[in-house]
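Trainee: As you go down the protein sequences, you meet chains C, Y, V and R in turn. If you count by my numbering, then the first sequence holds residues 1 to 328, one letter each, in order. If you count by my numbering, then the second sequence holds residues 1 to 328, one letter each, in order. If you count by my numbering, then the third sequence holds residues 1 to 323, one letter each, in order. If you count by my numbering, then the fourth sequence holds residues 1 to 323, one letter each, in order.
With a cut-off of at most 27 Å between alpha-carbon atoms, the simulated DSSO-like pairs for lysine-lysine come out as follows: (1) C:Lys218 x C:Lys174; (2) C:Lys39 x R:Lys32; (3) R:Lys32 x R:Lys263; (4) Y:Lys174 x V:Lys32.
A few chain V positions that, by computed beta-carbon distances, are all more than 12 Å from chain Y: (5) Asp44; (6) Arg59; (7) Gln133; (8) Arg136; (9) Ala214; (10) Ala261; (11) Trp262; (12) Pro264; (13) Arg265; (14) Leu279; (15) Arg297.
No lab work stands behind these hints: they were computed from the structure. No residue lacks a Cβ here, since even glycine has one placed at the ideal position from N, Cα and C.
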Amino acid sequence: MAELRYAEALHAALLGEMRRDPSVVVFGEDVGVYGGVFKVTRDMQAEFGPERVRDTPISEQVIAGMAVGASMMGLKPVAEIMYVDFLPLCLDQLLNQASVLPFVWGDQVTLPFVLRTQGGAGAGAGAQHSKSLEAMVAHIPGIKVVMPATPADAKGLLAAAIRDPNPVVFIEHKFLYNTRGPVPDGEHLVEIGKAAIARPGSDVTIVASSRMVLESLKAAEALAAEGISAEVVDIRTLRPLDTETIVGSVRRTHRCVVVNEGWRFGGYGAELAATIGELAFGWLDAPVARLGALDMPVPYSQPLELATIPDAARIAAAARDAVRAGHG
Amino acid sequence: MAELRYAEALHAALLGEMRRDPSVVVFGEDVGVYGGVFKVTRDMQAEFGPERVRDTPISEQVIAGMAVGASMMGLKPVAEIMYVDFLPLCLDQLLNQASVLPFVWGDQVTLPFVLRTQGGAGAGAGAQHSKSLEAMVAHIPGIKVVMPATPADAKGLLAAAIRDPNPVVFIEHKFLYNTRGPVPDGEHLVEIGKAAIARPGSDVTIVASSRMVLESLKAAEALAAEGISAEVVDIRTLRPLDTETIVGSVRRTHRCVVVNEGWRFGGYGAELAATIGELAFGWLDAPVARLGALDMPVPYSQPLELATIPDAARIAAAARDAVRAGHG
Amino acid sequence: MQNAPSLEMQAELYMKMQVVRLLEEAIGRLHKEGRTRGPIHRCDGQEAVGIGATAALEREDIVTSTHRGHAHYVGKGVDTGRLMAEIMGRATGTCRGRGGHMLVADREVGLLGGCGIVGGALPVAVGQALAFQVRRQPSVVLAFYGDGAAQIGACHEAMNAAALWKLPLVFLCEHNLYGLTVHARAQSSVADLASRAAGYGIPGEIVDGNDVLAVHAATARAVQRARRGEGPTLVEAKTYRLLGFSTSDVGGYQPAEEVAAWKPRDPIPNMAARLAAELGADRVAALDADAAAEVERAVAFALESPLPAIGELDAGEYVKGAA
Amino acid sequence: MQNAPSLEMQAELYMKMQVVRLLEEAIGRLHKEGRTRGPIHRCDGQEAVGIGATAALEREDIVTSTHRGHAHYVGKGVDTGRLMAEIMGRATGTCRGRGGHMLVADREVGLLGGCGIVGGALPVAVGQALAFQVRRQPSVVLAFYGDGAAQIGACHEAMNAAALWKLPLVFLCEHNLYGLTVHARAQSSVADLASRAAGYGIPGEIVDGNDVLAVHAATARAVQRARRGEGPTLVEAKTYRLLGFSTSDVGGYQPAEEVAAWKPRDPIPNMAARLAAELGADRVAALDADAAAEVERAVAFALESPLPAIGELDAGEYVKGAA
Ligand SMILES: Cc1ncc(C[n+]2csc(CCOP(=O)(O)OP(=O)(O)O)c2C)c(N)n1
Ligand SMILES: Cc1ncc(C[n+]2csc(CCOP(=O)(O)OP(=O)(O)O)c2C)c(N)n1
Ligand SMILES: [Mg+2]
Ligand SMILES: [Mg+2]
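All chains, full assembly: derive it from the sequences and hints.
Mentor: Now the structure itself:
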């Protein structure tokens, strides 16, 4: 078990799958010669050649459509969209092709591709490079959506995504690439569709994904000091959602905070809150608290930017309120 | 008060605004010479000329981007995207331009444009022409989203949308164009952001929009025969949402069914259920029931297609269950 | 079938055009009787493009189609009975009734496949051609698109990428003078779309789209070039849609003179006359009869076929099993 | 300023290029000190394009820019203090610190505006030009885009629409040989992007992007044509980005020989030499000093300015009031 950065864990997973299966191909903007702007595909073109690790033109529709077409014909593409902010440019290919064809063509094709991208605010990258758009992709049937929070899950889920016969949108976080953690050596697979209890607890459940898991763990630490035991559930896969683990936790703690970095209104947190509200109805001692980004474009200036996204302090405050309301 | 078809009501609103304000311009595919595939812009090019009523190339990104650019410079565009299924093709312009610029450029521009489109299943138009994608648009900050259910609201909300200084996405329904109803003559404005009680009731609240309002009214009729009094709330504006009217109703009835024609998972119904779960927590006698389309592409064949979308029978069943659970 | 077609082959091309025409006429009748659903897009007058172009392909080659794809489907060899069944939403359809007339696919014969999003299949075609290239398969992709589709962003991205990588891909533009109702002059900045080929460094060729042999020859050249690894070609077939854009068209925008001018160029009677001169009028009548019989069989098969069972929706949204 | 620029005007163009260079050098230093945020895209070596092209405009004309827009901003006349303040996220910035360096806009001087989505501003530019045309205003839009942006769908849609409607729009392609790190030969199917103009029936002109006077002249011709109602022109300025794609570039992909070959073509020393020959070295030194003083003032203004107050976020997401 090595200690790796999240970016290195992704690199290891991709490298392992590329070596294992010659039908895996990588393409996207700047993934070849440069090795990716976040260096996840570093040195891969040197090992596998420009045909398997291909720089593309700035043509997001072709990147996504190519993943659809090539996977239909037997390749296993791992395509990259540099920022999730650019995903809307190829959402048509996801909604009207990837989602549609396997089912509507009566099971004549499978589309085993992965679309890697990354999102998240806080880096001063401005309104067009800081969004969290997972809610839009997670609404599309037939496409799995994965958002790893730890280096180990980054490795295990990426390998599983590449082997999955369905399209998988794999959303990384620009602030996680440099985080470190223990990662199993060699082949490591994490099942898609299973949440993880990142920290057990008994007073309140905090349901989070991606970077918000780290903020939630910080919040849980702070709450523990106050005598509040928070359980943190890392959902890992946004679609299909592991309702069993989440609802099971809430039925034990009776209080819940859901945290998502995307905009609150109509965001992924709404799905979580609605599902929990339905399946844990009789168990809830307080309304599900829902945290998300302020409903506005991400501003550039640091104080404004940081004010728009949830953090450990805000998560802890919501959990505290839920526990108090639950006792009220 | 004339009896008009929904399509005629839209036509009347547009005509009124075009005559009133010379800065209103209309453009989109087939809106000019042909008058629109649903005939909403019928005869307008003859009255206002091809400069104000313009056929565009099949270029959805330009249609949306043009609305952004032209509205910034003083025109009031009413642009059309023929099917909501094609909206993903120009979602980048909505997410990365329309949503962003007024706020991020520090209030230097306003974008008073309307993007009309239509959605909905049941017509045998297949998976690429039958979707309901309002959840994706309603997630975008800075853009208002309107979905009228009646001819009167179609007229009043379209006129209000054209006068609104913000971008408004206006989603019609292909099955509503031929429905008839009383429509006020002359200038008629309906405030954006206000829901309507389409039918008052006391046992259960059914919250719906667009065509699902009609199905809900049918369900309420059937329920009345069984002695169940259902209140139907037509939300009309999906963003900004009139939580006051909705939550007020649920606090009175203590039970709620939300109905949306879009896919259930991560759909607009999740936002409704989450909001109601939060703001009516202590008032709910049963979990909020959430109805939406089955989570799969819309199949072509009629029995399959109809099985995927909510209808009066399924709404009534959910309301019945909620009332029973509430008494249990 | 890469040389000039024999007379027998020409007879087959003719018959296939006739099958498309009669099939669409049958669809038109069924639609009027309320027995089909949704808007259906016919290609009356354009049959020579789809039939001529697909005839230049091998079975392993792939065709991507459009919302107006009946000639592509028939040309690539889709069984007409299963095709009609798909159009009628039957369980025996090529896509088990889930696709409908715009989303027909038949992997067996290399049709992958119909697409109702204008230009939406072009990036997919790039991926298919990429797979052929990476896997060293000698096959090509033939991607149909319309003069309207030529104006959409995806078309540009696909052409640049295919040209850049010299993919085995032929872009076949069916220029029928209209988008839905908008005349080409009101939606395209240039009359000849083949002029765009130079901007991607690929050959662009204009061909009479109402001459099935000319379309075949031009496509065959482009296919050979693609198979040799020299990359894509843009073939622009000039043609005309004699009827409305779909079964829901209420008309009023195609000038009568324009239709009248194109009517004599209808590819089917013209080809019939050409063949009659070579093979005799009896042979042509026999071909017509064969086509009619085939369409009759296809329609009967579709109408007798059951609708799909609702229970099959339970299978859920995902393809199961590890790859 | 539509004729060949006077010597005084040339001196001003030179000074503006120098302001951009020094401003970006200051940004580079601030970035190294950790005092700026996010990736910042400098245009060292390309200053002649932005400065030369914008000099062909009137104040009422509109510029749409890119992620690499500092020369466009300065050229169009944005106050350098407020520009630096925006780049530093200050309340005194042109966008009150909400935009950052990629999203600078200044309505007063006709900059509307920066855009971090590659190609994303081109459809917006079509709308702006449409408004000028419909409202019979004599103004034009100058839309900058890169050789990488030329491959994206929106660029194609915008060019077709603008050409079709003869909109008052100039497409100015800054061909600096690279996308982010991908060489033009690996992302564009053609070396000369001006060759695409013919596919839209508009003129395409190639110009030395490192010669500020040549860029100015070509743009002025295109602007005049647009103002006469004759529609868009594609001007392709060949240039080179001497530094990395942004402050986060770790390098390794621009061959040293390539950089070395372009270094002598740096537009600033070349223009300095030209001007020195005409106006004397002292005058050039004075211009350099003025530029340095302006940049120093701008940086000081930015650094002294306050950050925005969080409370302003309460204003909410919508523009208030009826139109
Ligand atoms: C992206 C998209 N925009 C609009 C439509 C609606 N639409 C369907 S067919 C059509 C016209 C297509 O014109 P062309 O490509 O020339 O094909 P033709 O119908 O002439 O065969 C339009 C606008 C669509 N299906 N997809
Ligand atoms: C739609 C989109 N795709 C990708 C990116 C990431 N990106 C930013 S700049 C850039 C390169 C742009 O190349 P070019 O247009 O030539 O401009 P240059 O950087 O050379 O000035 C890329 C790929 C983006 N911002 N937007
Ligand atoms: Mg056409
Ligand atoms: Mg460049």
